[in-house]
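Same order as they appear, the protein sequences are chains B and Z. Under UniProt numbering, the first residue of the first sequence carries the number 1, and numbering increases by one thereafter. Under UniProt numbering, the first residue of the second sequence carries the number 1, and numbering increases by one thereafter.
No lab work stands behind these hints, which were simulated from the structure alone. We put the beta carbon where it would ideally sit given N, CA and C, even for glycine. Wrong hints could be hidden among the right ones.
To be verified - From the structure, some residues in chain B lie toward chain Z, with a derived Cβ separation under 7 Å:
| hint | residue |
| --- | --- |
| 1 | G22 |
| 2 | R208 |
| 3 | E236 |
| 4 | T402 |
| 5 | K562 |
| 6 | N779 |
There are 2 protein chains.
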Amino acid sequence: MKEGKLVGRSVARREDPRLLSGRGRFVDDIALPGMLHAQFVRSTVAHGEIASVDLSAVRHVPGVVAAFTADDLELGDITAQLGRPLSEYVPTAMPVLARDKVRYVGEPVAIVVARDAYAAEDGLEAAKVSYTTLPPVTSEEAALAPGAPLVHDEAARNTLVDVSLFATDGIDEIFASAPCVVHVESRTGRQNALPLETRGVVAHWDDREEQLVVQTCTQVPHQVRTVASRSLRLDERAVRVVVPDMGGGFGQKCVVGREEIAAAAAALRLRRPVKWIEDRKDALSASFLAREQHYQVRAAFGADGRILGLDADVVCDMGAYSCYPFTAGIEPLMASAEMPGVYKVPAYRVRGRAITTNKAPTAPYRGVSRPQYVMVVERLFERAARELGLDPVEIRRRNVITDFPYTGVNHITYDPGSYLESLNLCERLVQDEGWYEKQAAAAAEGRHLGIGYACFSERTGYGSTAFAQRKMQVVPGFDISEVRMDTSGAVTVTTGTMSHGQSHETTMAQIVADELGLDIAKVRLHQGDTDRITYGWGTFASRSITVGGSAVRLAAAKLGDKLRAIAAARWGIDADEVELTDGAARRRDDTSEVLTYEDIADIAYLRAHLLPKDIEPGLAATATFDVFTDGTFSNATHGVVVELHQGTGQVEILRYVCVEDCGVAINPQVVEGQCRGGIAQGIAGALFEQVTYDDMGEPSATSFMDYKVPTAHEIPDVLIHHLETPSAFTETGAKGAGEGGTIGAPAAVLNAVNDALRPTGVELDHTPVTPETVHRALNLEAAS
Amino acid sequence: MKEGKLVGRSVARREDPRLLSGRGRFVDDIALPGMLHAQFVRSTVAHGEIASVDLSAVRHVPGVVAAFTADDLELGDITAQLGRPLSEYVPTAMPVLARDKVRYVGEPVAIVVARDAYAAEDGLEAAKVSYTTLPPVTSEEAALAPGAPLVHDEAARNTLVDVSLFATDGIDEIFASAPCVVHVESRTGRQNALPLETRGVVAHWDDREEQLVVQTCTQVPHQVRTVASRSLRLDERAVRVVVPDMGGGFGQKCVVGREEIAAAAAALRLRRPVKWIEDRKDALSASFLAREQHYQVRAAFGADGRILGLDADVVCDMGAYSCYPFTAGIEPLMASAEMPGVYKVPAYRVRGRAITTNKAPTAPYRGVSRPQYVMVVERLFERAARELGLDPVEIRRRNVITDFPYTGVNHITYDPGSYLESLNLCERLVQDEGWYEKQAAAAAEGRHLGIGYACFSERTGYGSTAFAQRKMQVVPGFDISEVRMDTSGAVTVTTGTMSHGQSHETTMAQIVADELGLDIAKVRLHQGDTDRITYGWGTFASRSITVGGSAVRLAAAKLGDKLRAIAAARWGIDADEVELTDGAARRRDDTSEVLTYEDIADIAYLRAHLLPKDIEPGLAATATFDVFTDGTFSNATHGVVVELHQGTGQVEILRYVCVEDCGVAINPQVVEGQCRGGIAQGIAGALFEQVTYDDMGEPSATSFMDYKVPTAHEIPDVLIHHLETPSAFTETGAKGAGEGGTIGAPAAVLNAVNDALRPTGVELDHTPVTPETVHRALNLEAAS
C-alpha cells in the first residue's frame, strides 16, 4: 500500500448526504409507468401435499391482472449443489413456487399481480388451495427420529449433510486420561437477520435491450442473475440485475430469494413492470431465518489449563430448503472446520450435521455458525477455568495462538493476529475502569454483576481456496474491479461487491484516491449492476474490502501505471521517474513539470494520435483478485459487564469493551459502525430474539409484538479499541470487519451472565437467555 | 478474417422484430415519473443584439414550472476548436442559449419548462424578448463584401477558415498551355439532413448514482457527455448519456445540440426529469442544416483526354456557428483535400473557405462536401469529353487510378479499389438494358432521355491520422469494444459506435458470431451508453464497421484466445491445438473432445479455482482499433437514365444502376439499404430539397409544404451490383458503406439531366435542378 492520505482516516461517509436527506433510492422508491404489484399466496400448513390450487376466483377480483402457479410460469427450481464429491450431502430442489408439496407455513404457492398492492392482497383471499396435510417435522428430535416423516421425498432421511472430520489419532485416549474434561451442551435460538428494509424487487422487460431488468434488494446481484436466467431459461445476458440503495442484509439477502425470481417471471410473462415488497409479517416468518443449532462439545484440559482436545457434535436446523449458493452445508461445515478458533488445540474430532425441518429455510446470517461455536468454546474455557481454579482470562492466555503462521489441527493456516494482545488489552481496559472492584462492591450489596470475555478470530478473505475447501459447486472466490478515468480526470470504480450499509462508496474511494493521488471527491463507486462488470460475488463473509477492495486497489494501480506511462512518453523519460500526486503526474527530477490528469486524459481520449503506438487509447484498467491461501483472520476480544436484576430477571449491560484487529482499518469510523451494529445483533441473539414455532409448525413470532428486537435502550455504548496487524494476503492490508461484532457478543454476554450467576451455581448455555431464565436462576439462589 | 458462416450473408436484421412490431423505444417513448416538458423561446430576428429578456410573465402561465435564460443556468459555451496551429481558422463560441446576440431566426434564447408540452408552448408566447436588430448576412456575397456586418464580433471578418493548399509547382503554366481547359461554377442548395425522427432528449438527475442522465437522440453519445459536462461544470462521469432507438441522423445528430445541453441543465437545476422533443418546424429551420457550397473550378486536359490539372475555389456557407466537434473547417477542408478523387490528377491547387452567415448552423450531412465536389469534378469530365469529342465514360476510363496504392497530388494514399472495374461494369449494365438504344428512339420521338454517370471514391476508416490531418483538436480516430461472455455462453458486445438505422445489432453480431463460432442468436450488441465503454466516437463518416467493427473483431478474437487457453489448460495441450466451432472448444486432434462455452464459462466464473494461475477469472476482452494510414477508400460508379418532361420540366428517373465496392460487405442487404437510402438523399439534393431564406434571413421552408422531400413516387428502384476489394487496413476487410449512395447521386443525376439537355445547348451546374429550370431550358430549345 502506498503511503496514504485517506486510508486509515475516518473520512466522512460519502453516502450520507444522499441518505440523510432522504434522497436515497431504495427498491420501494422505484416507480415505473404501468407498474403492477405482486403478493404471494402462501402455505397455511407446515407440511402437506398440494391437492389443488384454484386461482380462478383470484383473477376476477377487481384490480387483479394475473395470477400464476409454478406450472403457469414454467419455472425451473433453485437447486444448490455441493460440487466436489461429498457423499454425505443430499441436494434438494427449492421450487420458486411450491408445486407438489409445501414444507413450511408461509411458503409461496402462487403469485397474484394487481394494479396495486391492496388489490393484490384482496386477490390472495380469493385463492383456493387445498392441502393433504402431513405430520410436520418441527424439531431436531422429530427430524432425526426413526420413521420420521420426510421433509424431502428425494432424501432418504431428514439429514442433508453429515460429516465427520479430523478425528485426531488417539483422541479418545486423550480424553480418557485428561485431568479435566468439561462439557457444554448449547442450543441457540432461531433468529431473523432482520434488515430494516425487508426484501423487495421491481422487475420489467426492456424491449430495447432484450433484457429482463430485475431491480432487487440483494447482496449478490450476479448470483441472482445466474439463478434467474436459469430458472426462466433465458441467456444470462438477457437478465440484468440492478441493486438500488439497501437498508441492510446481514446474509438474509446473500442467498437467492424465490419471490424475486417469481416476480421477475411474472414481469417477463406480462411484459409489464411488477413490484413486490415483502411485508413485515412475511419478513419475520417466511423469509430466510438463521442460527438454530445444537452443540454437544467436550474439551479436555491439562492441570495447567492447556487444552488437550475438542470433541464436538453439531446439528444445524436448516429449515425446509437448502439455500443457493451456499447449500445446507454452510453452517455445519463452517462450525466443524473452524471451531478450534484462536486456540492451540492439539486434538480434534467433530461431527457436523444439517437437518431439514418444516420451518422457513435459513441463510448464513452475519457470522455464520461462528457466534454459536465461539460461544460454546468460550463457555468450555470458562468452565475449565472454574474446575481448575484458574482465572478465566489466564486460561485463555495460556492457550491462544501466538506463533504465526500457525497451522491448526483443522488443517487451516492462521496468518498473524493479535490474539494475546487483544486479550490482555481488553482485560486491562475493563480493569482500568474498576469493574472488578465494582463487581465486588455490588456483590456485597447483594447485586449480581458479572464480567465475561470472548476471544475469537474470524476467517475472512475467503478466496477460491477457502470456498473450494467448503466443497461448494460455485466457488465465490475472486472479485473483479474496473477503474476508469474520464476526460475530466474523475474516476469511476466498478466492483462486484454490493454495499448494503457497509459504506463502500467511501472506503473503496479512499483506496483508489490514495493509490492515484487524487481528491476523494473525484472518485465515485458504481456497484450493483450486473451489466457493468462480468461477475462479482457480492458482499458477504466480510469479503468486500479484503477481496473486492484488493481488486479495486490492483485496478487503480494498473491505471496509475498507464497514467505514468503516458506522462513518461510525453517527457521522454522512464515511467518510474514519474510520480502521481495531487491529481497530476510529476517528474521526480523536476516537480515543476506537471501533467494533470485532465491533460493526460485529453491525450488518452481526445488526441490519441499523440499516444505512443504501444499504448492503447483510453484510461481504464480491470483487475481480478483472489486469495489462494486459507485466507486471513481478523480477531478481537470482547469484554462485557452485566448486572442481573433479581426482580425482573433482566440482563442489563453496564459496559461493553471491544478490542478488535481487522488489520488495516480503511476507515476506523466505518469499522466502529460495523462493530457496534454487529455487537447489537450479537446481544440480540444472546438475550432477546427468537423465532418459535408451535407443534404444528405455525410460527408464533410474526410481528414485533412477539419477536423481541432490542432497541437503543437495551444496547450499551461500546468502547472500541483498534489493534492493527495488517494482512499479507490482501492488497489493502485489511482483514474484514463485517461480522466480528456479532461473533463475539453472545459468548461474552453469556460468560458475563454466568459470572454473575456464579453464586447461584446455575450455568446457562442456551440462547437467548431470557428474563424468565435469569429470574428463575436468581430466585433459586434466593430460595436456597 | 476467419472463414465465416455469417459475414457476407444477408442475415435478417435483428432489430426488425422489435422495430416492426412497435416495440422500439425512441426518445419520445420515454416517460419518467414527474417528467416536465421543455420548449425554447427562439429568436425572431436573424441578426440582432438582445436588448432584454423578460420571462416573468412566462413563469405565471398555468402549467409552467420554470423558465431560464443562459445566465440563469450559468452555462458554458460550446466551442469547437481546431487544435494544431492553423492561422486561417477563427474559433467562435456557440452559447447554449443566446446571450448578447442572436445570429439566426430560430436560435434558442430561453428554455421554458412546464408540466406538458402544451403549457410550455403557451409559456413561449408570454416571453418578452426585445432585440436591437442588425443587418443580416444571408449570402456569400453579403458575407464577403467589404464592410460587411460581422456575424461574430470576435472574428475580424466573416471568413472563419481560409486555406490555400497544394499549389503544385508550375500549375499556372499547365493551365496556360493545356489543349483543353474547362470550367464549372456550381452552387449547391442548403439542405436539411431530415431524419424521420427529429431531435429530442429526456434528462434527469439520478441521486443514487450522482449522475445527470441524458437520454438523447445522438450519433455521438460520448461527445455529448464531454460537452454537457464541460458546459454544466460537472465531472464527466457525473453525466451519463444513453441513446435509445433512433430514427436516423445522417450527420445532423453527429454534432452536439444546444437544446440537449439546455434541457439537461434545466433537469439538473430542477432535479426533475425534463423532456424536449423538437417539432418539425424547428427541425426544418432551427436545427443543423448542410450543403450550401459554391465551387469555381477549372480543369486542364490534354488532347487525349488525360487530366493535367485542377484549380479550385470552394466557399462553404456554414451558417451562424461552428459545430462541435468538427468546426466550420470540416466542409472546406474535406473538399480541398479530397477533390481529385478517383482520378490521376498531376497538378492541383485549391482555396477553401468557410464563411459564417445569419442562417441556422450546419453539420456534416452524409457525404460531407463529397456530393458537391464529386458533382463538380464529374461535370468537368463531362464538359471536357464534349469539348474533346470523347465518350464521357471513355474519358473517365483514361483517368481513373488503376495502380494501387496510389499517392495523389493531394498527398493522400489510396488503397486498392475497383475504380475502372466499377466504371466498366456500370456502363455495361446500362448498355445491356438497352438504354442507349432507348435514348436514340426517344430522341427520334422528340423526348428527352439522358444518361449520366458518376465515378467516385469515398475515404472511410478515418483514424487518428486522417482526423489529425484535418487539424481537429479532438481527433475521433480509435474505437473501443468489449466482448464478454456470460455463464450461459451468451455474448454481449459493447461498442462506442451508435447505430441510428445502420443495423449494427445485426452486423456487429455477425462479426462476433463468426469469430467465436457461435450462433448469432447468442450475440447481443449493446450501444449508446457512455457508462458502458470508456469512450467511443459514435457513428459518422462511415466509420462504424471499418473502425468500430474492427475493434469488435479484435475483442472477439481476444476472447476466443482466452476460451482456447482455458480449454487447452483443461486438456493439457497447446492453445493452438484447440478450435472454436459451434459454440464449443474442440481438440483438433480429437474433435469428440468438447468443452462447450457453458462448460468453459462455468470454470471461468463459477469455479475459477480450476483455472491455471496465469489465467484470470472472467470471460471479457477489450480491444481498441485505430487506423494509422490515410484510411481506406470505398468506391462506386452510379449510372442514371432520366427523362425530362417538356410540359412540366419534371425530371423522371427511369433507371438507376449502382456498382459499388465497400470491400467486404458484412451484410449485403444492409449495404443495399444504405445505398438505396443514400441515393434517395442524393437525388433529393440534386432535384428537390432546398432551404431558402428571404433577404431578412427569414427561412421560407418551415414545413413540408415548402421543403420538398421526394417520396417513393420520385425515387426509382435501384439496381445494385457489388464488387469486393477487401481493405487491408480494417480487421473486417470492410470499407464503409454509409455515405456512398449520397455522394454519387447528384453527379450522376446532373450529368444525365445535362445529357438530356444536350440538344438545347443549356448546361445546368447548380442544384437543386428544379422543374422550373428544366422547363425553361427545354422551352428555350423549343423556342429556338
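Hint by hint, here is what the structure shows:
Nearest Cβ of chain Z to the Cβ of G22/B: about 9 Å, over the 7 Å cut. The hint is violated. The beta carbon of R208/B is positioned within 7 Å of a beta carbon in chain Z (closest approach about 4 Å), and the interface hint is therefore held. Because the beta carbon of E236/B sits about 4 Å from the nearest beta carbon in chain Z, less than 7 Å, this interface hint is met. The interface hint given for T402/B is violated, since its Cβ lies 31 Å from the closest Cβ of chain Z, which is over the 7 Å cut-off.
Of the supplied interface hints, the one on K562/B is violated, with its beta-carbon coming no nearer than about 12 Å to a beta-carbon of chain Z, more than 7 Å. With a cut of 7 Å, the hint placing N779/B at the interface with chain Z is violated, because the nearest CB-to-CB distance is about 54 Å.
Hints 1, 4, 5 and 6, counting from the list given before, are not met by this structure.
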